[in-house]
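The lines below spell out each chain.
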Amino acid sequence: MSKYFSSSNMTGGYGGENILNNCGIEVNQGEISVIVGPNGAGKSTAMKAMLGMITLKTGKIILNKQDISSFSPQDRVAQGIAFVPQTMNIFSELTVKENLEMGAFLRDDNINKTIEEVYELFPVLNDKKNQIAGELSGGQRQQVAVGRSLMTKPSVLMLDEPTAGVSPIVMDELFDRIIEIKNSGVAIIIVEQNAKQALGIADYGYVLVGGINKFTGKGRELLNNPEVRKAFLGG
Amino acid sequence: MESVDVINAFILLANFVIVPAISYGSQLAIAALGITIVYAVLRFSNFAHGDLMSFGTMTAILFTWLFQSLGITAGFLPTALLAIPFAIIITASFCLLIDRTVYRFYRKQKSHPVVFMIVSVGVMFILNAIVRFIIGPNDRTFFDGEKFLVRALDFKAYSGLAEGLTIKSTQVITVVVAIITMLVLFYFLQRTKMGKAMRAYSNNEDLALLSGINPDRVVMITWLIVGTLATIAGVLYGLDKSFKPFTYFQLLLPMFAAAIVGGIGNPIGAVVGGYIIAFSEIMLTYAYKKFFIYLLPQSLEPSGLTQFLSTDYKFAVSFIILVIVLIVRPTGIFKGKTI
Numbered sequence: 022m023s024k025y026f027s028s029s030n031m032t033g034g035y036g037g038e039n040i041l042n043n044c045g046i047e048v049n050q051g052e053i054s055v056i057v058g059p060n061g062a063g064k065s066t067a068m069k070a071m072l073g074m075i076t077l078k079t080g081k082i083i084l085n086k087q088d089i090s091s092f093s094p095q096d097r098v099a100q101g102i103a104f105v106p107q108t109m110n111i112f113s114e115l116t117v118k119e120n121l122e123m124g125a126f127l128r129d130d131n132i133n134k135t136i137e138e139v140y141e142l143f144p145v146l147n148d149k150k151n152q153i154a155g156e157l158s159g160g161q162r163q164q165v166a167v168g169r170s171l172m173t174k175p176s177v178l179m180l181d182e183p184t185a186g187v188s189p190i191v192m193d194e195l196f197d198r199i200i201e202i203k204n205s206g207v208a209i210i211i212v213e214q215n216a217k218q219a220l221g222i223a224d225y226g227y228v229l230v231g232g233i234n235k236f237t238g239k240g241r242e243l244l245n246n247p248e249v250r251k252a253f254l255g256g
Numbered sequence: 018m019e020s021v022d023v024i025n026a027f028i029l030l031a032n033f034v035i036v037p038a039i040s041y042g043s044q045l046a047i048a049a050l051g052i053t054i055v056y057a058v059l060r061f062s063n064f065a066h067g068d069l070m071s072f073g074t075m076t077a078i079l080f081t082w083l084f085q086s087l088g089i090t091a092g093f094l095p096t097a098l099l100a101i102p103f104a105i106i107i108t109a110s111f112c113l114l115i116d117r118t119v120y121r122f123y124r125k126q127k128s129h130p131v132v133f134m135i136v137s138v139g140v141m142f143i144l145n146a147i148v149r150f151i152i153g154p155n156d157r158t159f160f161d162g163e164k165f166l167v168r169a170l171d172f173k174a175y176s177g178l179a180e181g182l183t184i185k186s187t188q189v190i191t192v193v194v195a196i197i198t199m200l201v202l203f204y205f206l207q208r209t210k211m212g213k214a215m216r217a218y219s220n221n222e223d224l225a226l227l228s229g230i231n232p233d234r235v236v237m238i239t240w241l242i243v244g245t246l247a248t249i250a251g252v253l254y255g256l257d258k259s260f261k262p263f264t265y266f267q268l269l270l271p272m273f274a275a276a277i278v279g280g281i282g283n284p285i286g287a288v289v290g291g292y293i294i295a296f297s298e299i300m301l302t303y304a305y306k307k308f309f310i311y312l313l314p315q316s317l318e319p320s321g322l323t324q325f326l327s328t329d330y331k332f333a334v335s336f337i338i339l340v341i342v343l344i345v346r347p348t349g350i351f352k353g354k355t356i
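Sequence order for the protein chains is A and B. For the first sequence, this note's numbering begins at 22 and goes up steadily by one. For the second sequence, this note's numbering begins at 18 and goes up steadily by one.
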């Protein structure tokens, strides 16, 4: 029985050599799955494959018991999967509010309530709603990026290294918000460099090496696994 | 020097520099807006824009002739104003046709912007030929209605000044139509969902796709806007001066200069750039002799024309400004995209 959003047997890459070799990631609603691993392990690639941005040779993506393997990224977004890319993840020339509005582009209903919810989650965005998003600090921009992705009221949220380049305090704050989003029933997948902190908040962790699931298990278990600690968490 | 001399000098300047430059600047602004929007959304320099304007103007002239033959006029306003909406429909549809048959192929290939630019040169030649084939290369005036709003003689009689002020009705029409066009365009870009989506797509194409913005629709709306702007700019210019296909091709230089000076890709920059280029061109090619005669004591009166550049060199002005901007501040005044 696969979880709410799951991928299995994913093999493929950007043409040429395979980056993913039969790997699979799963997440349930109200859970956080974290993908960690060394550079070039295919962490981001696995996430992008689940969004449909990469043509896989083999693999199956299931969302809520429905096979969405053949869906385009846009169709998957329409199905309730939200994605926050690592870079270029905001409309830097638009205001904060316009960023949120664009996140809800596919919706025809009233989006004001969702905007208010995002402002509640990230109060600083309410204060800066009419500012150009590109002029905000790194952490605030990250909040805009996450806020934009929440505008479709997604059931799945995928974050590609959300804490890259932000200070440790901002990182903790961001993880707190991500846990809040999880508690509202969203299924969350995070790719992280900061493996320790990420596994700390993870319900489930995946350690990818060379595009293969090297270790999988509950976040705490992986953190306490001596082999994982030694290889990836610096002892 | 008496105060009346100062007034005369000012009227002289208004008559020969300020009024013509505001009207020419408005025409350039609308034209540069078209160029800047193609650059921002479709990411290439559209060299066919001048000839697109010429195509739009030709269509408007054909409709004007049709209306005139049917006895339909706009009273004291030029009949061409009635023809503009119809010309816009034809020109904008033609833009969509060109996109469907030409540009879409290169978009699917994800061609480099330079390839697009060269393709636009090809489109320019085709438009060029179509216009000459249909209406010919000759100079045409299609203005009718009341020619002057303020006549020099009336102004002199009314004010008792030595200098007369002429305001052509086309100049007023240009400014009014240009202001309305800009207001509608800026409202669309800033306030409507589709306008914001266009800006979002221009800013970050990948994220726009992830947000569910349909790129085909953005491209379509862009061409409709560009066709509309080109037609309006072309008709305003043609009404004010005259319609000659080659002149429209030559306008490419001041138009691009305007877009780049303001910051290409930035609509406000295009408007400001249009006025900067127009004022520079006219101010640098105007002979100030009479102006100085009014203001300076007799002993200091200039002997020559005190003209910085002959009007033959008016295109050099745009060119020099373009070069200076690209060297000193390549992003333009309003921080457009770097070329």
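It is possible that part of the hints are untrue.
What the hints assert, rightly or not - Mimicking DSSO-like on lysine-lysine, the simulated pairs with C-alpha atoms at most 27 angstroms apart in a straight line are:
{"hint": "1", "chain 1": "A", "residue 1": "K118", "chain 2": "A", "residue 2": "K78"}
{"hint": "2", "chain 1": "B", "residue 1": "K210", "chain 2": "A", "residue 2": "K118"}
{"hint": "3", "chain 1": "B", "residue 1": "K307", "chain 2": "B", "residue 2": "K185"}
{"hint": "4", "chain 1": "B", "residue 1": "K331", "chain 2": "B", "residue 2": "K258"}
{"hint": "5", "chain 1": "B", "residue 1": "K258", "chain 2": "B", "residue 2": "K164"}
{"hint": "6", "chain 1": "A", "residue 1": "K150", "chain 2": "B", "residue 2": "K352"}
{"hint": "7", "chain 1": "B", "residue 1": "K210", "chain 2": "A", "residue 2": "K149"}
{"hint": "8", "chain 1": "A", "residue 1": "K78", "chain 2": "A", "residue 2": "K217"}
{"hint": "9", "chain 1": "A", "residue 1": "K118", "chain 2": "A", "residue 2": "K86"}
{"hint": "10", "chain 1": "A", "residue 1": "K174", "chain 2": "B", "residue 2": "K210"}
{"hint": "11", "chain 1": "A", "residue 1": "K203", "chain 2": "A", "residue 2": "K217"}
{"hint": "12", "chain 1": "B", "residue 1": "K173", "chain 2": "B", "residue 2": "K352"}
{"hint": "13", "chain 1": "B", "residue 1": "K261", "chain 2": "B", "residue 2": "K173"}
{"hint": "14", "chain 1": "B", "residue 1": "K352", "chain 2": "A", "residue 2": "K149"}
{"hint": "15", "chain 1": "A", "residue 1": "K118", "chain 2": "B", "residue 2": "K352"}
{"hint": "16", "chain 1": "A", "residue 1": "K235", "chain 2": "A", "residue 2": "K81"}
{"hint": "17", "chain 1": "A", "residue 1": "K78", "chain 2": "B", "residue 2": "K164"}
{"hint": "18", "chain 1": "B", "residue 1": "K331", "chain 2": "B", "residue 2": "K307"}
{"hint": "19", "chain 1": "A", "residue 1": "K150", "chain 2": "B", "residue 2": "K210"}
{"hint": "20", "chain 1": "B", "residue 1": "K185", "chain 2": "B", "residue 2": "K210"}
{"hint": "21", "chain 1": "A", "residue 1": "K134", "chain 2": "B", "residue 2": "K210"}
{"hint": "22", "chain 1": "A", "residue 1": "K86", "chain 2": "A", "residue 2": "K235"}
{"hint": "23", "chain 1": "A", "residue 1": "K118", "chain 2": "A", "residue 2": "K24"}
{"hint": "24", "chain 1": "A", "residue 1": "K150", "chain 2": "A", "residue 2": "K81"}
{"hint": "25", "chain 1": "B", "residue 1": "K185", "chain 2": "A", "residue 2": "K78"}
{"hint": "26", "chain 1": "A", "residue 1": "K134", "chain 2": "A", "residue 2": "K150"}
{"hint": "27", "chain 1": "A", "residue 1": "K81", "chain 2": "A", "residue 2": "K118"}
Unchecked claim - Partial list, derived from the structure: chain A residues whose beta carbon lies under 10 angstroms from chain B:
{"hint": "28", "residue": "M109"}
{"hint": "29", "residue": "E119"}
{"hint": "30", "residue": "G155"}
{"hint": "31", "residue": "V249"}
{"hint": "32", "residue": "R250"}
No lab work stands behind these hints: they were computed from the structure. Note that CB positions come from ideal geometry on N, CA and C, so glycine has one too.
Now the hints, each set against the structure:
Proximity of A/K118 to A/K78 is assessed by CA-CA distance (about 40 angstroms); at most 27 angstroms being required, the pair is judged violated. Between B/K210 and A/K118 the CA atoms are separated by roughly 12 angstroms; this keeps the pair inside 27 angstroms, and the hint holds. Annotation: proposed proximity of B/K307 to B/K185 holds, straight-line Cα distance about 22 angstroms (limit 27 angstroms). With a C-alpha separation of about 16 angstroms, the suggested pairing of B/K331 with B/K258 holds against the 27 angstroms cut-off.
Note on B/K258 and B/K164: the hinted pairing holds, with a Cα-Cα distance of about 12 angstroms set against a maximum of 27 angstroms. This hinted pair checks out: A/K150 and B/K352 have alpha carbons roughly 22 angstroms apart, not beyond 27 angstroms. Straight-line distance between C-alpha atoms of B/K210 and A/K149 comes to about 20 angstroms, which keeps the hinted pair within the 27 angstroms bound. Pair hint A/K78 plus A/K217 does not hold up; C-alpha atoms about 32 angstroms apart against a cutoff of 27 angstroms.
A distance of roughly 35 angstroms separates the Cα atoms of A/K118 and A/K86; the hinted pair therefore is violated under the 27 angstroms criterion. A hinted pair counts as satisfied when its Cα atoms are at most 27 angstroms apart, and A/K174 with B/K210 qualifies at roughly 19 angstroms. Annotation: proposed proximity of A/K203 to A/K217 holds, straight-line Cα distance about 19 angstroms (limit 27 angstroms). A hinted pair counts as satisfied when its Cα atoms are at most 27 angstroms apart, and B/K173 with B/K352 does not qualify at roughly 45 angstroms.
Between B/K261 and B/K173 the CA atoms are separated by roughly 33 angstroms; this puts the pair beyond 27 angstroms, and the hint is violated. Using a Cα cut-off of 27 angstroms, the hinted pair B/K352 and A/K149 holds, with the two alpha carbons roughly 22 angstroms apart. Taking the CA atoms of A/K118 and B/K352, the gap is near 22 angstroms; set against the 27 angstroms cutoff, the hint holds. At roughly 19 angstroms between alpha-carbon atoms, A/K235 and A/K81 fall within 27 angstroms of each other, so this suggested pair holds.
As the CA atoms of A/K78 and B/K164 are separated by approximately 71 angstroms, the hinted pair breaks the 27 angstroms bound. For the hint pairing B/K331 with B/K307, the CA-to-CA distance comes to about 20 angstroms; that is within 27 angstroms, so the pair holds. For the suggested pair A/K150 and B/K210, the alpha carbons sit about 17 angstroms apart, so the restraint of at most 27 angstroms is met. Annotation: proposed proximity of B/K185 to B/K210 is violated, straight-line Cα distance about 39 angstroms (limit 27 angstroms).
In summary, the hint linking A/K134 to B/K210 is supported, as the alpha carbons are separated by about 17 angstroms, within the 27 angstroms threshold. With a CA separation close to 26 angstroms, the supplied pair A/K86 and A/K235 stays within the 27 angstroms bound. Annotation: proposed proximity of A/K118 to A/K24 is violated, straight-line Cα distance about 34 angstroms (limit 27 angstroms). The suggested pairing of A/K150 with A/K81 is violated, with an alpha-carbon distance near 40 angstroms, which exceeds 27 angstroms.
A hinted pair counts as satisfied when its Cα atoms are at most 27 angstroms apart, and B/K185 with A/K78 does not qualify at roughly 69 angstroms. For a cut-off of 27 angstroms, the pair hint linking A/K134 to A/K150 stands: about 15 angstroms separates their Cα positions. Restraint check: the Cα-Cα separation between A/K81 and A/K118 comes to about 36 angstroms, which exceeds 27 angstroms; the hinted pair is violated. For the restraint placing A/M109 at the interface with chain B, the shortest Cβ-Cβ distance is roughly 6 angstroms, inside the 10 angstroms limit, so the hint holds.
Interface hint status for A/E119: upheld, as the beta-carbon distance to the closest one in chain B is roughly 5 angstroms, under 10 angstroms. Interface hint at A/G155: satisfied, since its Cβ lies 9 angstroms from the closest Cβ of chain B, which is below the 10 angstroms cut-off. A hinted interface residue such as A/V249 counts as satisfied when its beta carbon comes closer than 10 angstroms to some beta carbon of chain B; here the least separation is about 32 angstroms, so the hint is violated. This hint is violated: A/R250 has a C-beta 36 angstroms from the nearest C-beta of chain B, more than the 10 angstroms allowed.
Comparing the model with each numbered hint stated earlier shows that hints 1, 8, 9, 12, 13, 17, 20, 23, 24, 25, 27, 31, 32 do not hold.
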